[in-house]
Amino acid sequence: MKRIAFALLALAFVAASLSAQAPVVPELKGKTVEITIWTHEDVNRTAIEKRYIDEFTKANPGVKVNYVTYPSGKIKDIVTAGFAAGNGPDIFNLEIFDAYPFLAEGFVAPVDLKASGYKSYKDIEAKYVSGMLAPVVEGGKVYGLPLELTNWALFINRKMFRAAGLDPEKDWPKTWEEVRSVSEKIAKRDGQILLRRGFDFRYPYYLTSVVPMVEQLGGELVSKDGKKVAVGDAAWLKVFEYFRDFGPNGRNLGSPTYTAARKAFDLDKDEIAMSLSGLYQIPRLKAANPAFYDSKEWMVVPFPQWKDAKKVVPNNYYGHYYMVSSQEPKLQQQASWALVSYMLSHGEEYLEQVGIVQPTKALMESAAFKAMPYSDVFAKDLAKAHIVYYGASSTKIDALLKEAFESVMLSGVEPAKALEKLRKSMAEALADE
Amino acid sequence: MRKPSIPKRPLELAFFVLARLVVAGAAALILVPLAFMLSASFMPASDIVSIPYRWIPDGLRWKNYLQALAGNDGSWLYARNVLNSLVVAGAVAATTVAISASVGYGFAKFRFRGRNLAFMAVMATMMIPFETVMVPLYLVVVRLGFQDSYLGLILPFMASAFGVFLMRQYLLGFPDDIVDAARIDGCSEWRIFRSIVLPSIGPASATLAVLAFRQQWDNLLWPLLVVQREEMKTIPAYIVKFAAEKSADEGAMMAVAVIASLPVFILFITLSKYFLGGSAVFAAGKE
Amino acid sequence: MKRASGMEGKRARWGWVFVAPGLLFFSLFSWYPIVNAFVTSFTNRKLISLKAPKFVGLQNYVRVLSSEDFWNSARATAVFAVGAFVPLLLLSLLFAALIVSLRGWKRPAQMALYSPAVLSSVVAALIWLVVFDPRGLANQGLNALFGTPGVDRRWLADATMAQVSTIVVYVWKYVGYFTILFVTGMGKIPDAVNEAALIDGAGPFRRFFSITLPLIRPTTVLVSVMILIQCMKTFSTQYLFVQSGAPTGPIEVMTLAIYNTAMRDLAIGRASAMSMLLFAVMLLLSWLQLRASRGGEDAL
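Residue numbers (this note's numbering), protein chains in the order written: chain E, 1 to 433; chain W, 434 to 720; chain G, 721 to 1020.
Just so you know, the hints here were simulated from the structure itself, not pulled from any lab data.
Possibly wrong hints are sitting among the right ones.
[As the list claims (entries may be wrong)] Rough simulated footprint, nothing fancy, chain G against chain W, three-plus residues with beta-carbon under 8 Å:
| hint | stretch |
| --- | --- |
| 1 | 447 to 459 |
| 2 | 498 to 504 |
| 3 | 578 to 587 |
| 4 | 628 to 642 |
| 5 | 694 to 701 |
Yeah, the Cβ is synthetic: ideal placement off N, Cα and C, and Gly gets one too.
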């Protein structure tokens, strides 16, 4: 009798674990907890994460999860207002340079080891490719788990290259000088109005994508000791001039006011031949334009370098980390970390369905990663890249860069003047920290 | 008085013709972007920025409207969001009229200590840019526990300084004799307000209601802050979200814009008297 | 007026009864936030911080008033306010005068002019962003008009043009609204007055400048105060334009600068100081405007 009961129990246990693979969190037994997630909109990711949440709440019936998405351009303000009013979410993610101020101000709780199934913080660090957790490690504790780490590479439309008399396999631009000369060959205009662009930048991501251009020439955003800003006049001025030359006051090859480059790229309507984006653009391209995706008329090449670069600096990678609010009761924090770890345990599915990379050693070595088209291009660049600048005033600095570069590119401000102003405002911003 | 329909003096005739030309030209120019919205809403994205722009789309691309309604994630929440906008704007219009009428009446027809100070203090709130008080206001609503609800969307806009001003102006012109006569007849103050004053402020109420409705219909920042659930969002929040999504194409975006504008345009056409009656109330004040 | 003092007291109480619910509302949702902002403006409070804010006296005001960015946004607001105020006032007066002279097509003309005002600003910005695209209607229209094919007027890309573009959108949206206010004001002028002038041989211009304009003075004062207040509070057009790639500096009006200082730089103390300055300027301007014209006494 006892035996049968035991067998039945065992069977029930197995059945339960088959239907919902999510772990049962002992601390949550018999308790009711409501947790809220605020995350940016991404249709594909929402779909799989909602499924993980279902599985998790089935295994832990006391937990209720509110999953809320916001436009990526708005979420930062909303999280800010939420925390300011003491009404923040339990779980949230922002680009690291937007999220870091929250960490610095103490709004973020360290990973709950037990709830998320780790033995130690070292154990977590060991799971990820080295350096990938750097922004969220403080005093030996880990304050966030990577949802995605992304670097950008150059997407190329082969057809448009050929139409311009170029051989995409040979003539794809390796240097910024070539980006410009190839763009000249592809661009088509009606007077001053661009009908077809060769390349265009991804505005307004200056921290991520333009600072590396400066660094290639030996310049720096902030010096190592943190005392000097916008270091290396020659490097900065050269990049400023490149933007002026690229924009409507110069050779008129592109401008922030045209359709976003990667959107136009996916549509393949003879509008733009090159754009910058991450690995995640590939599933999006597939969804937006399956015919173009299947035609294999596109390819991805490394982030360009200057001809006389002093060092190789690929596009900065930036990260989204899932973070948990320190302002909520312990139980809610535990439930949150348990859920985050459960969701993030599906690294391969995130990669295949959404095209986002969680930089675990396992995933980077996996067959799934290698099977992604052009993942090797991204991986090679990533190995040489460093993370985007983050700090208590990184959001402000990003805005200052946008202002400086666009004042040169669009408003005819002299590069030297723009640099001087940038330096002054940046120093002021850092002094406020 | 009826003037002859066509003036005879040359200068008058020239003016007569010119007036019509200028007004027609201005009206046409002002309507161009609206016509553009409608025409582009039936086009694929690439036709919208074609040179030269062809006003008549090649066939009606209803797919844009389907995508607008379904959303990029296929959640079909737009109709619900339109409904939310109607509920919120409607409720705000109703409460604004009620509160403004009461306060305006108090200011216009009673003398009490601190009246002028209170009135100036109310008027001064007209000068407050919303962005200035957004964060403290959000704190208030969170403390009251009204975030993510209709109440949170409606409450902060339930009355407007402009509404109070409008009602006071209007009621200043309301004859004191009528009120005094009612008092002599033994009517209570409340009864006077309800059965004599309220029925007489129809035009002002309608104008104010339309104004308040329009303002809420337009409100973007506040709903973004206060509402979290998709199904509680209002139209402007939906639009910003739709436009921000990377796969949104301009044709569908214009379809979203058309759908967002339809309900107000229907209101506008059916209630044009009140929309245009705009300032009947201004001139009705004390003169 | 003769009233017994007992009656007076009772009536006064009733006055408060009618006013009180509204005042409660304003105290919670308008005065409290503004007082809160006023107090905050003297502290070093950060928007997200677990530390208690410290009192810093006038430091925020000193910092704001000595910063280049603040004066740039003051300039941007002034340019926008004047740039939109003048055409709005003149055009709406002109259109109103013309519309009043129309007979049959009055209503449709008013409706056409008014229609952009019923659109939400987000929709308006959505439309105009496509119109201002370098390949869009704005360039095409002007190039067809002036016979200058292929000229890109850089509606959003150029510093000056970005300011012009925000003004264009604003005037487009609100000119009809203010026209209607003037039409109603002019409608109050007795026909007999105009008729007498007509018989005296006064032309349309004489009639406008010597009859209409003086008679609608209260409306003019009121409408111009409204326009000015509205223009100084402008936010969404600039906000959406900057988000779509327009350069920030030229159109970073005060409200946008306040928003950025609070939400991006998280310096709510400094943002509050900026708010107080803007608030003070708006109060001062409206007061001056009302004082400057004697008609103002009638309008308020």
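(request) Three residues minimum, CB to CB under 8 Å: does the stretch 498 to 504 of chain W make the cut for coverage by chain G? Let me know. (result) violated (count 0)
(message) Between the stretch 578 to 587 of chain W and chain G, are there enough contacts, at least three residues with CB-CB distance under 8 Å, for the coverage claim to hold?
(response) violated (count 0)
(request) Go check the stretch 694 to 701 of chain W versus chain G for me, would you? Three or more residues, Cβ under 8 Å, otherwise it fails. (result) It holds: at least three residues are needed, and the stretch 694 to 701 of chain W offers 5 whose Cβ sits within less than 8 Å of chain G.
(message) Three residues or more, CB to CB closer than 8 Å: is that satisfied between the stretch 628 to 642 of chain W and chain G?
(response) With 0 residues closer than 8 Å to chain G, the stretch 628 to 642 of chain W misses the three-residue bar; violated.
(request) Count residues of the stretch 447 to 459 of chain W with a Cβ under 8 Å from any Cβ of chain G, then say if the count reaches three. (result) holds (count 8)
The structure shown violates the earlier hints numbered 2, 3 and 4.
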